[in-house]
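S.K.: Here's the letter readout for the chains.
Number of protein chains: 2
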Amino acid sequence: MKILIDAFGGDHSPEEVIAGTVSAMEENKNFTAVFVGKKDVIENLLEGYAYDKARVEIIHAPDVITCEEEPTVAIRRKPESSICVAFKELKENPEASAFVSAGSTGAVLVGATLKLGRISGISRPALCPLMPTAIDGKNVIMMDSGANADCKSINLLQFALMGTAYAEAVGVKNPKVGLLSNGTEKEKGNALNHEVYPMLENAKGINFVGNIEGRDILAGDVDIVVTDGFSGNVAVKSIEGAIKMLLKVMKTEIKSTFKGKIGGLLLKSTFKKLAKKLDYNNHGGALFVGVNKPVIKAHGSSKRAAIKAAVLQAVAYANFDIADRIKEKLSLQEQGGEQV
Amino acid sequence: MKILIDAFGGDHSPEEVIAGTVSAMEENKNFTAVFVGKKDVIENLLEGYAYDKARVEIIHAPDVITCEEEPTVAIRRKPESSICVAFKELKENPEASAFVSAGSTGAVLVGATLKLGRISGISRPALCPLMPTAIDGKNVIMMDSGANADCKSINLLQFALMGTAYAEAVGVKNPKVGLLSNGTEKEKGNALNHEVYPMLENAKGINFVGNIEGRDILAGDVDIVVTDGFSGNVAVKSIEGAIKMLLKVMKTEIKSTFKGKIGGLLLKSTFKKLAKKLDYNNHGGALFVGVNKPVIKAHGSSKRAAIKAAVLQAVAYANFDIADRIKEKLSLQEQGGEQV
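Chains as they are written, first to last, in this note's numbering: chain S, 1 to 340; chain X, 1 to 340.
A few of these clues could be false.
Any copy, or any two copies together, can satisfy a pair, since identical chains are not distinguished.
Lysine-lysine pairs mimicking DSS-like chemistry, simulated, CA-CA at most 27 Å apart [claimed, not checked]:
1. 251 x 186
2. 276 x 248
3. 88 x 261
4. 204 x 29
5. 244 x 186
6. 273 x 327
7. 88 x 152
8. 91 x 327
9. 303 x 138
10. 259 x 176
11. 91 x 273
Keep in mind the hints are simulated off the structure, nothing from the lab.
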């Protein structure tokens, strides 16, 4: 199994990308790492590591797409960029199983959609981070977290189907789907929610449990949160900001008294562990669900640990047949006479 | 100055509402408390307190609207409810300066709009909590946090004008307005955002600073966050849930080691202070901005401290001429030839 890695994506690329990938290779022996990017630079950096040379390949790509570039334009104008070259390989080589990039989110999404292609029947793929919840070891999938700012009800229905396929693939039994809304009652929601609610109730192969509010996202009661990419992005980032703010304010408060300082010292390792646990970027990347092969978008600020997690996630997902599971969910609806 | 208080609104009414109001009267001597609700019950409860009888009035209202009732139906069918009676008094009595309720949010909003009335020119009033930010003593106003699930660009423009008037009234100089979006770049956003962005750029009397992301809401960089009531509700509640989750997970982590337990004991008062500081419900209620007099919606779970804060907030706001300031902002736009 070959995992393609964008060696020139992310704030700390290529150094940290290569370091993290080598580290992932040590932990999992069942894949070949295919670095995509400037060959000489990658070769030079690899010289600093001891690794199994038979398990590393390099595909040369002289160009790089930056985060400042308009994604659609960049994908069109830079066919020799690491992202475009990787997607071409992913599409054409049956051995290429998944792709990991910490580069421009927009370019990865546009590239995946245009070059790798959507799963037949899926109109809009979604970018789906796994977020740790209050229940230890339990994650929640946010569908969509920003790939589609404007959605129609059919998109949200497909997010529910894809999210269920994804959750089942990672081992969740009968995963619960919640519709993000401004209240738990069925009557709550905006026009989009009102339209999709009965569609979710009638859909086959999903376990729809009704509306959930922002405050319930992390409670661990549902496995999949369905919403448009605008609201999903607002939710994910609001959570990120709240945790960051709380830890910051806490630090200041702790330092303001002598008793607090001592307590803070004793809890230092606990806080560190916690901050790491709650930072979803440490749990690998966000899966771009709805394209033909697994595409993992790691955070732009990823260092080696985050890259390692994302590569190991890609190896795992390559075995999960998520695309096939999604096709199965879609076919269930067609049998029911619904147009999806 | 008379402050109307819904004695029969909230999970802990009427007991905690009366206790909190009496406590507010002790702190501020410049208002008369007008309780609206079942007269005999209120009188009986008041007997347990020492207070200036000349500063208390009761307006009898035999009916109560519960949170389970559909707001529009309840407002129409229960003219003798505490909410309806209070809004009638607020509209007709020039001495009645503001209204505080911890009752059904929907009924308070519908009642305020239908019975008290919107400020001329404002198409949609907004429910606006003040949220504490990472900067000590600095709050951010969320406009709208749930009154209007579906919004047009004109509504968002008016939220920006009203939010600026509100922030200026509470003493913020040249308050910064941010548009909530899924990215900071101007190009980011959904169709609604794209439509309103240039309107905000061209509006007079506001200090529009561009897009802000969910993660920046609590950073303290902007004073007003403008968004539709659906996304605003998602943001506010996601923040609430994240803080709740973090404190919960922290508690578990702290208790899991001996060192942690000792540290936790030393930090107990710090955590308590922090939880209180970050809970925006302790900072008074959310102002329903855009109706003719100040209407403060306290949280349904408010106990005496929260009610006290909301009553004191109502007294302060009654002096702020927020409605006049909003009219002024509107007139600025009309002079500029824009249709608002």
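S.K.: Each of the hints needs a verdict: does it hold here or not?
M.R.: Now the hints, each set against the structure:
1. 251 x 186: neither (41 Å within a copy, 34 Å between copies)
2. 276 x 248: both (14 Å within a copy, 16 Å between copies)
3. 88 x 261: neither (55 Å within a copy, 54 Å between copies)
4. 204 x 29: Answer is neither; intra-copy 39 Å and inter-copy 63 Å both fail.
5. 244 x 186: between (33 Å within a copy, 25 Å between copies)
6. 273 x 327: neither (39 Å within a copy, 52 Å between copies)
7. 88 x 152: Classified as neither: same-chain Cα gap 30 Å, cross-chain 42 Å, threshold 27 Å.
8. 91 x 327: within (18 Å within a copy, 59 Å between copies)
9. 303 x 138: within (24 Å within a copy, 34 Å between copies)
10. 259 x 176: neither (44 Å within a copy, 38 Å between copies)
11. 91 x 273: Answer is neither: 39 Å inside a copy and 55 Å across each miss the 27 Å cutoff.
The structure is inconsistent with the numbered hints 1, 3, 4, 6, 7, 10 and 11, although it conforms to all the rest.
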